[in-house]
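*Asks:* Residues per chain are reported as follows:
There are 2 protein chains.
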Amino acid sequence: MKLNQFAFHQVSSEQLYQDLVNIKLLDESDKTLSSLKLFQKLIAGIFPEYHSLSSCLEALRYISVDSQHTLADIFNTEPFHLSRHQFIIMVLQLLKFEIGIDFQMDNAEAFYQDCGYPKLSFDQINDSETLLRAFYLLLNLRTKNGMNFLDDLANRGFFNSFFDAQAPHFVFFNNRVQAVFDASKTIREIVYVESDLDTDHDGKHDLLEATIFRPAATDRGLKVPTLYTANPYFKGTNDMTPSLHNVNQNLQPKKAQIIDKAEIQATHTLAYQPIGAKASEENHDTEISAQAETVYSLNDYFLSRGFASVYAAGIGTRHSDGLRTTGSQEETASTIAIIQWLHGDRIAYTNRTDHIPTTAWWCNGNVTMTGKSYLGTLATAAATTGVTGLKAIISESAISSWYDYYRDNGLVVAPEDCQGEDTDVLAIDTFSRLKDDADFQKIKAVYERQQQALTVGQDRDTGNYNTFWDERNYRNDVKHIQCAVLIVHGLNDWNVKLRNPEKLWRALRAAKIPAKIFLHQGQHIYMNNIRSIDFNDMVNYWLVDKLCHDQKNASDADLPKVLIQDNVTPEQWHHYQDWCAESAPIKQFYLQKNRLTTKPKPTETQSFIDNGTTDFLKHNQTEHQWQNALLSQTSEYQHNRLLFLTDPLTKDLYIDGNPIVTLQVAVDSTSGKLSVMLADYGIARRLQAQPSIVGRGALQLGFNNLTEDLKEFQLETHPSPFKLITKGHINMQNRRNTWSNDVIQPGNFYTVRFELQPTHYHLLTNHQLGLIVYSTDMGMTLRESRVQSYTLDLNASRLEIPYNK
Amino acid sequence: MKLNQFAFHQVSSEQLYQDLVNIKLLDESDKTLSSLKLFQKLIAGIFPEYHSLSSCLEALRYISVDSQHTLADIFNTEPFHLSRHQFIIMVLQLLKFEIGIDFQMDNAEAFYQDCGYPKLSFDQINDSETLLRAFYLLLNLRTKNGMNFLDDLANRGFFNSFFDAQAPHFVFFNNRVQAVFDASKTIREIVYVESDLDTDHDGKHDLLEATIFRPAATDRGLKVPTLYTANPYFKGTNDMTPSLHNVNQNLQPKKAQIIDKAEIQATHTLAYQPIGAKASEENHDTEISAQAETVYSLNDYFLSRGFASVYAAGIGTRHSDGLRTTGSQEETASTIAIIQWLHGDRIAYTNRTDHIPTTAWWCNGNVTMTGKSYLGTLATAAATTGVTGLKAIISESAISSWYDYYRDNGLVVAPEDCQGEDTDVLAIDTFSRLKDDADFQKIKAVYERQQQALTVGQDRDTGNYNTFWDERNYRNDVKHIQCAVLIVHGLNDWNVKLRNPEKLWRALRAAKIPAKIFLHQGQHIYMNNIRSIDFNDMVNYWLVDKLCHDQKNASDADLPKVLIQDNVTPEQWHHYQDWCAESAPIKQFYLQKNRLTTKPKPTETQSFIDNGTTDFLKHNQTEHQWQNALLSQTSEYQHNRLLFLTDPLTKDLYIDGNPIVTLQVAVDSTSGKLSVMLADYGIARRLQAQPSIVGRGALQLGFNNLTEDLKEFQLETHPSPFKLITKGHINMQNRRNTWSNDVIQPGNFYTVRFELQPTHYHLLTNHQLGLIVYSTDMGMTLRESRVQSYTLDLNASRLEIPYNK
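Chains A and B are the protein sequences, given in the same order. Take 2 as the starting number for the first sequence in this note's numbering and just add one per residue. Take 2 as the starting number for the second sequence in this note's numbering and just add one per residue.
There could be a bad hint or two in this list.
Keeping only pairs whose Cα atoms sit at most 30 Å apart, straight-line, the calculated DSBU-like set for lysine-lysine is [what the hints assert, rightly or not]:
| hint | chain 1 | residue 1 | chain 2 | residue 2 |
| --- | --- | --- | --- | --- |
| 1 | B | K652 | B | K806 |
| 2 | B | K186 | A | K224 |
| 3 | A | K619 | B | K724 |
Chain A stretches covered by chain B per the calculated footprint, using a threshold of three residues with CB under 8 Å from any CB of chain B [as the list claims (entries may be wrong)]:
| hint | segment |
| --- | --- |
| 4 | 55–67 |
| 5 | 90–102 |
Hints listed in this document are in silico derivations from the structure and should not be mistaken for laboratory results. None of these values were measured; they are calculated from a predicted model. All C-beta atoms, glycine included, are put in the ideal place defined by N, C-alpha and C.
Take the sequences, apply the hints, and build the full model.
*Replies:* Encoded structure:
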């Protein structure tokens, strides 16, 4: 078991003592205590459940320090002495490991090291200086349940005496803000922010409901930073199944069109600066209470630590005005309106009718945005406006250009498990105003017109990049970003594909905007409950620097810039200087019949037939079953694809970046689509892309706060023969670019060169790299019912693999 | 969707008004209000989030009453009038159903009826009397999220003004206790109850840790009932995998022994009455705080409603004394010691060393026990002692005799998915003192002796019923039960098999002890989060009667005595007069070659070979895969069993009780075991035994309280060909009884007659009833490696099926 700690920061003796005073484990006056008295005070302090000496001593008697003694013996023995071995045995038990079960007493030190805990610099503890440093370390170590020990103490009531402080303040320890606030006292209320939009064309500015969760301490004068999550799903979703587009149809040939990118560039028609009124003075009243709700447990974690959470669902959601526009400028404007109110630059009202203003008087003006998927997408969108007050975004599994979510190289390509979805369908999903029929009937006509506009604009007929999509490409505006950026993404995310964070990362790098990126081995998930990584601590450390006044710290330097989870060894996280580096070396592969080689050799052509749809639909297979079949070496669909395999690798290959394929290809009709997969072939127990629960409800977010399941990525129980590395798709008519169409003459060969989705993949020695070329992707593309034949001229086909190490 | 309500009680107009005053929705003086003013007051009251008239009116404008009007129109229109149709449309939206999504406005009344809501007795509401009755009904109706509307209001803050009452009191509405207490203020503390036991032979009475969760209102003088859960897993469990017994072995012949039952009857050596000291006066101090923890959400639900929860893990668990004894008298005594303390009959201490007494001064002396499986088992055990203070038990999926958990008819028969487990293994699992090595080392020797005693006593060698098991048969003491009993069990529970509740039910009936039984279609699960049934409300209604002073109600008469979930139609719950009635009629079936017939006809013999173990182990199959294969009509294991099928049924058959098989059988060796299954053959989409989540976190247990997933049993997505109805096993040497062994001469025919596990099963017309006779049950019996041949004389074999209707 690894409990990596990236957020721990070595501090000076002075800072260390000050931190211990901050958390009231010691007083200033304790400096003069003898080592034993100091030890007794420290030990009594870390058993907050025991309110008498007798009961505390009983607790100490359960904790061994060696085979002969318990902590109670040490506690009562003058002169004070604790060996390094005894200390480790004690620490491991305090961190919830059990002797004889998790570790053997003899082997405690090795176990301690295997967990990845920091090295100890002492052999004995018998002076106060060493004792303080040892205890300080202990407070920072992560328990078996994932939280660090001080957080565990907080969960056990350590900070409860802070809860009702008359002059509440933040408490920092090792630069991180601590859980000294009572989450059960959170104040929950609703206000209506006035935007400058009128997306439902009723002649009135769209009012946007914002839901505020703020610590009760704000009522006693504390000004707090805000974690803001723009969440279109917050007010509920609708069933979009009946609205899904039919994907069981053939790809149509497109009219030839060679145009310049300038012709399809979107113009920004919206000024994002607030033009409406601001509230002139503080107003503390609200009229509407909100219900407790959990969206992202990172936000809940910070509630115990004094940061507010604010949620807004945006235009077109229940109890707000407007319509859903899926990624438009209006949506971005509605997203940042909330920040502008939090920062004091925009007005909000206590209800929707009476125009009684209310200010975010409790906010210190500093905001970060959080959330995954659509939520993270809006964080990215907001950042690209440069809105004042937004100091940081944690953008997880987020879209950076909607074209890269619903399209690929001139093709309609669905996110995994989302066949038939598109911007118009997502607008239905999130249009929660539908839930109040009385409200919906008032705007039905304008809603239907807006839906029609999305359907036309997204243009499923061509799949081309156009002005509609260019408006929805946030990367056009990376230069405006004024805040710190943390990107988080799963390397197995086939919902929001890796091109989204990759192109954003490249744009940030080009614009020299400071950013970090964490890539885990999951699919479309959060990573804050993964045991092997101290995500919450890292975010805490980083956000304190960004959001708290006078708390600048070294987190930008201390925390990894690029953190990538290993796909071979569980619980291993690598710290890199870059991802998808421009300077990455390229390994070139050539195609031979069913083979990938590193040296070219004249060879023949190879063909496949695209006719799998009938069988797929007849057998009622899932898209995952179909994909597994296609990847397998003896596939029922093997005539639907070509599989090119390298020889077993003689050394490990670390793929890093976008593989590029060049295919010289002919098809027997006037339209054609190509799909390509790269896969890792070799029998191995691979890391599962779904983390397993290793502690149900084990991650407690604070005293009186919620719990969350602790998870970890584990190896498969049984070995598997292959694993998808990456994928790509292209409309052969878009071989020039995504907005121009060239013609296809049946039987003519064309050079089609395109990037696959980027990745980082550790391919092991003795495994084989496989290139799979096919056409219909049952899970992502239109499903062809006609039978098409594709022929590859292998001589002119290539695969380029960027790599590192 | 069905939202059945069994707990709703029709009340008089006086009671109705009093209830509305109790919850402070109305005052006494409101009786004189005009209908419109009354309506306005009621409506304003049920929008507790809205603290101003403006914001409340906004909320009303979202709620349609017909296609032209909203609730805001009704609210403002004199004279007040609401049609029955308008009322239903309003009510459905308040209960969280959406127009155009869940129901159509035109069809509201039919939808209301389909949900199973009570019939409305009015066509118009325009007078105060009708209005009050209509609103009272609304407050009792269950929302889409499973809770009733008043609970939903409580979750939304309706009762928050009660939280800090100086003279706190229970609030009853429709006889149920309401959520007027702040769950986040729960006081959690630990005491040590002194038992009269010394199971670890250290010369001192075993101290038992008890963990108390009590409402803060107790500190302001409220005396409260207690839900006590005896939970051996409460302090953690150990890995029992290495201790599992090997089941891959052959059944050994047993020495002939014909004995009288009296020879193996256990004698009670323990007096359950407390002999130790009592604390003489109230002592309010405790020294140790406990952590929040959730074991059973029914307990958490009652925390908001003012009832305390108490947990104790019992002898041999972490921080208590003693050893684990799996079902012994000592375990029962340690279980009831907590009740004796709660009732004031036993002493407890504030810590383990100082002998400072502490009383349960906050308890009203009335206790109910709750919990599932081992937890429910201990509730049953406690009830059979007649301990004072225990007023009711809710015993779910519970063992009533440990022989019926680990044995069957002279065979070692494992609970499902528990092959190799036994009383000694379970004692290791729950022996959480192992977690503190310093504690464990002190008692290691005596622990090992105790484990040895369990291993010897359970006697896996013979599988016979003996004194050890007789001590662990709680049914011997049913006559001592002094409390109300509610049994809950899943009809698909193959962990704690149905014989356990059945034999207890029969014993209670014989002893004329008032009891109820609820049988759901699940496996080994709780049913309190199933949407189609108001379990929490029923328990609330029932416990108020049993535990609250001066609150006798009609729940015994109102609530079903026998409630059984239908296995064919989802969300259907039947109310019966009895289960396993002694007077049930019997349908007799005769065996022909591969056929079950209702008329006898001379016929031949049929044989099968028991040799499946090698294949089963070689193919690494799960026990479930094996069982499915065995049941299928074209089985890879078909030579391992005989399958007898009826003709397709010409009318539905409701099996109810214990089917009995009589087999005239010979085996080619000196030992033999028989297994039998009954199955329902016929292609159908059957109810799944695992309920699906229909609302993640939708069931909120109170304001500031936990949430739980709302679940429902749904039909299979695809039709299945068969389903197991019931099973049974016997050692052919135990054909006389479970404690005597007759010999087997190879090739000789013997009459073996035995009961299968009881059930209640609705077998549909056109389906076929199947009887499967086999020997080795891979999931439950020893797995034979020798090849045995069994022959049935069909002429003398029979199947008797008790049924009702």
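*Asks:* Which hint numbers does the structure go against, in order from smallest to largest?
*Replies:* none
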